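2 protein chains.
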Amino acid sequence: MPVGTKGTVKGLTPGDLREAGAGIVLGNTYHLYLRPGSDLIAEAGGLHAFMGWEGPILTDSGGYQVFSLARTRRISEEGVEFASVYDGSPHVFTPELTTRVQEELGSDLAMVLDECPPANAGREYHEDSLRRTARWAKRSKEAHKRGDQALFGIVQGGLYPALREESLARTVEIGFDGYAVGGLSVGESRDELLETLALTAPRLPVEKPRYFMGIGDPVGILQVIALGVDMFDCVLPTRLARHGAALTQDGRINLKNAKYRWDFGPLDPGCLCETCAGYSRAYLAHLVRENELLGHRLITLHNVRFTVDLCRRARREIEAGHYESWSRTWISRYTRSDHKRADELE
Amino acid sequence: MPVGTKGTVKGLTPGDLREAGAGIVLGNTYHLYLRPGSDLIAEAGGLHAFMGWEGPILTDSGGYQVFSLARTRRISEEGVEFASVYDGSPHVFTPELTTRVQEELGSDLAMVLDECPPANAGREYHEDSLRRTARWAKRSKEAHKRGDQALFGIVQGGLYPALREESLARTVEIGFDGYAVGGLSVGESRDELLETLALTAPRLPVEKPRYFMGIGDPVGILQVIALGVDMFDCVLPTRLARHGAALTQDGRINLKNAKYRWDFGPLDPGCLCETCAGYSRAYLAHLVRENELLGHRLITLHNVRFTVDLCRRARREIEAGHYESWSRTWISRYTRSDHKRADELE
Numbered sequence: 001m002p003v004g005t006k007g008t009v010k011g012l013t014p015g016d017l018r019e020a021g022a023g024i025v026l027g028n029t030y031h032l033y034l035r036p037g038s039d040l041i042a043e044a045g046g047l048h049a050f051m052g053w054e055g056p057i058l059t060d061s062g063g064y065q066v067f068s069l070a071r072t073r074r075i076s077e078e079g080v081e082f083a084s085v086y087d088g089s090p091h092v093f094t095p096e097l098t099t100r101v102q103e104e105l106g107s108d109l110a111m112v113l114d115e116c117p118p119a120n121a122g123r124e125y126h127e128d129s130l131r132r133t134a135r136w137a138k139r140s141k142e143a144h145k146r147g148d149q150a151l152f153g154i155v156q157g158g159l160y161p162a163l164r165e166e167s168l169a170r171t172v173e174i175g176f177d178g179y180a181v182g183g184l185s186v187g188e189s190r191d192e193l194l195e196t197l198a199l200t201a202p203r204l205p206v207e208k209p210r211y212f213m214g215i216g217d218p219v220g221i222l223q224v225i226a227l228g229v230d231m232f233d234c235v236l237p238t239r240l241a242r243h244g245a246a247l248t249q250d251g252r253i254n255l256k257n258a259k260y261r262w263d264f265g266p267l268d269p270g271c272l273c274e275t276c277a278g279y280s281r282a283y284l285a286h287l288v289r290e291n292e293l294l295g296h297r298l299i300t301l302h303n304v305r306f307t308v309d310l311c312r313r314a315r316r317e318i319e320a321g322h323y324e325s326w327s328r329t330w331i332s333r334y335t336r337s338d339h340k341r342a343d344e345l346e
Numbered sequence: 001m002p003v004g005t006k007g008t009v010k011g012l013t014p015g016d017l018r019e020a021g022a023g024i025v026l027g028n029t030y031h032l033y034l035r036p037g038s039d040l041i042a043e044a045g046g047l048h049a050f051m052g053w054e055g056p057i058l059t060d061s062g063g064y065q066v067f068s069l070a071r072t073r074r075i076s077e078e079g080v081e082f083a084s085v086y087d088g089s090p091h092v093f094t095p096e097l098t099t100r101v102q103e104e105l106g107s108d109l110a111m112v113l114d115e116c117p118p119a120n121a122g123r124e125y126h127e128d129s130l131r132r133t134a135r136w137a138k139r140s141k142e143a144h145k146r147g148d149q150a151l152f153g154i155v156q157g158g159l160y161p162a163l164r165e166e167s168l169a170r171t172v173e174i175g176f177d178g179y180a181v182g183g184l185s186v187g188e189s190r191d192e193l194l195e196t197l198a199l200t201a202p203r204l205p206v207e208k209p210r211y212f213m214g215i216g217d218p219v220g221i222l223q224v225i226a227l228g229v230d231m232f233d234c235v236l237p238t239r240l241a242r243h244g245a246a247l248t249q250d251g252r253i254n255l256k257n258a259k260y261r262w263d264f265g266p267l268d269p270g271c272l273c274e275t276c277a278g279y280s281r282a283y284l285a286h287l288v289r290e291n292e293l294l295g296h297r298l299i300t301l302h303n304v305r306f307t308v309d310l311c312r313r314a315r316r317e318i319e320a321g322h323y324e325s326w327s328r329t330w331i332s333r334y335t336r337s338d339h340k341r342a343d344e345l346e
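Here the protein sequences come in this chain order: A and B.
Be aware that the first sequence starts at 1, since it is given in the working numbering, and climbs by one per residue.
Be aware that the second sequence starts at 1, since it is given in the working numbering, and climbs by one per residue.
Here chain A stands alone, though its shape is the one from the complex (with noise of 0.2 Å):
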């Protein structure tokens, strides 16, 4: 799911989106709450009709947010108060308000209310949190009242297997539309998280999606189909792009490096997207270098056509039963040393 933070996925129009293969478009609850307000946004028809995307949206619960961004806050059994990061206005989020709040957006997947630990903060409060969270789940569900809205849960409980389990257990109880894996990509190592998901994601009931928040490098992204993730998302692709950095099939490449500068050749030769097709590297490293709008719109464009263009991919070899084997091969050419190398020492 390509992240559109503030009703816009930066730079792209809801075509360039279709045109890019999205199938889904994440929205921020917490951004959107406070900017323009969804009081706004449900009076404009909700975020589909005030953004003009008619495909399928998922808004977060804003508690990620909350959680990452605030200098100052307080949980309470009740909920999180919170200092807005645009003004410093004082807010709270309740299971109850990130409900309604998100059924004014009027998205098709809405998230429950969670809190998100950073990984070190320790086992108790890992326990306290993931029960807490468990409780606000609970209040979620119980306050949900669209019928054309999904509500998924989450499963917290940091790198702890046992409070893991417990976690899921307790969320599978309450019983959701869907499942998300919660509390990883948040300083943990990259063995962490995927020993942590093992674990995890095999025993969410089956018949539902699965969502891994927050990831979204081409390489994790595999990873985490693997483990029997459905969905993701991640900012990444489209925020690589803005440093003018750009996905391909042989590796991440930066544009600003030197030897783009001459390089008359395609982004990427195995992409169709409009900028592989219509503009060469050299252009796009003379519009990374000038910091021209273009040069982000259209490194978005291909990061984000690439990335649902790789998951497309494992969707198939999934189905003809060669993952394993297809997504070997491919991240060995993606991390190569020799491209690896060859860009970072410039």
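In case anyone wonders, no lab produced these hints; they're calculated from the structure.
Quick caveat: nothing in here was measured; it's all calculated off a predicted structure.
Treat the hints with care, since some could be wrong.
Since the list gives no way to pick out one identical chain from another, each pair is judged satisfied if it fits inside one copy or across any two copies.
To be verified - In silico DSBU-like pairs for lysine-lysine, Cα to Cα no more than 30 Å straight-line:
no.: 1; residue 1: K208; residue 2: K138
no.: 2; residue 1: K259; residue 2: K208
no.: 3; residue 1: K141; residue 2: K208
no.: 4; residue 1: K10; residue 2: K259
Following the hints, put chain B in place on chain A, whose structure we already have.
Relative to chain A, chain B alone:
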């Protein structure tokens, strides 16, 4: 002509420009010579291939930027020395060099190197300058080799009718494929601009295109068309867009104003562009407030389309013989004080 300073009309693809109806795009020789370099663009197959725009391109000679951007510059008979705005490196533009650079860029219309003094430089300075500009124009023409590229001369002479007449006579005597009126829009009042243009434009050869350098506001466009101008360029429509200001038939509106936050109507009800068809003022106002790339892009698209549509309409009214009455009515609606005042108050 929308301005594609550095090989891109900021935020738009060539496809967007076609969609907006742009028939020709302007490129800045000064910027392209310094970044990424005309040698690199020549290697890419010229500016058309480099930026992916198949339609006509006009390049200026770079003279205007030398005079407006340079902190240090020294004019001699040979040419003009200046320090790059990017890195302070020293360069010399001569008529021969800027002609060759434009041939490398491969534009369809090239301009002679001229000096564009400030309106208040004094009569003596203007007199010396226009004569040097005429000598430079002759050298530009002698240096010009590409048969597939038109070359335009430029009339200078400040606000002095006799000097305008002299510059015009000297330039027409050399003989060019088209003629530009330069040295206006450089600090004088709009009335002075129009008075000077009214003396100059009618004396230009009727069978050759007349290009007014540097006007782009809707009223100004209609005023110079009335005086016989065929072509003009300005960054105004695109620059305004990046500041959140949109052109509408009811005047210029600033989307940062609070009243647009809850305005769910289209930007300009009379416009058929992608922006007006697909998005509300409220959504655009949100994007502008959040400084989102998509806001710059969508309003740029609209402002370019609006300006191109205005010119198309002007052409039709000229052909129908109703230009004067139509443009009077149009300007009166565009500048109606109640609209303007409403926007200025907020």
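Checked hints:
In this homomeric assembly, K208 and K138 come within 30 Å of each other (Cα to Cα) only inside a single copy, at 18 Å, whereas the closest approach across copies is 77 Å. Taking the closest pair of Cα atoms, K259 and K208 never come within 30 Å of each other, the shortest separation being 47 Å inside a single copy and 45 Å across copies. In this homomeric assembly, K141 and K208 come within 30 Å of each other (Cα to Cα) only inside a single copy, at 16 Å, whereas the closest approach across copies is 74 Å. Taking the shortest alpha-carbon separations for K10 and K259, both the intra-copy value of 27 Å and the inter-copy value of 25 Å come in at or below 30 Å.
The structure fails hint 2 only (numbered hints given earlier).
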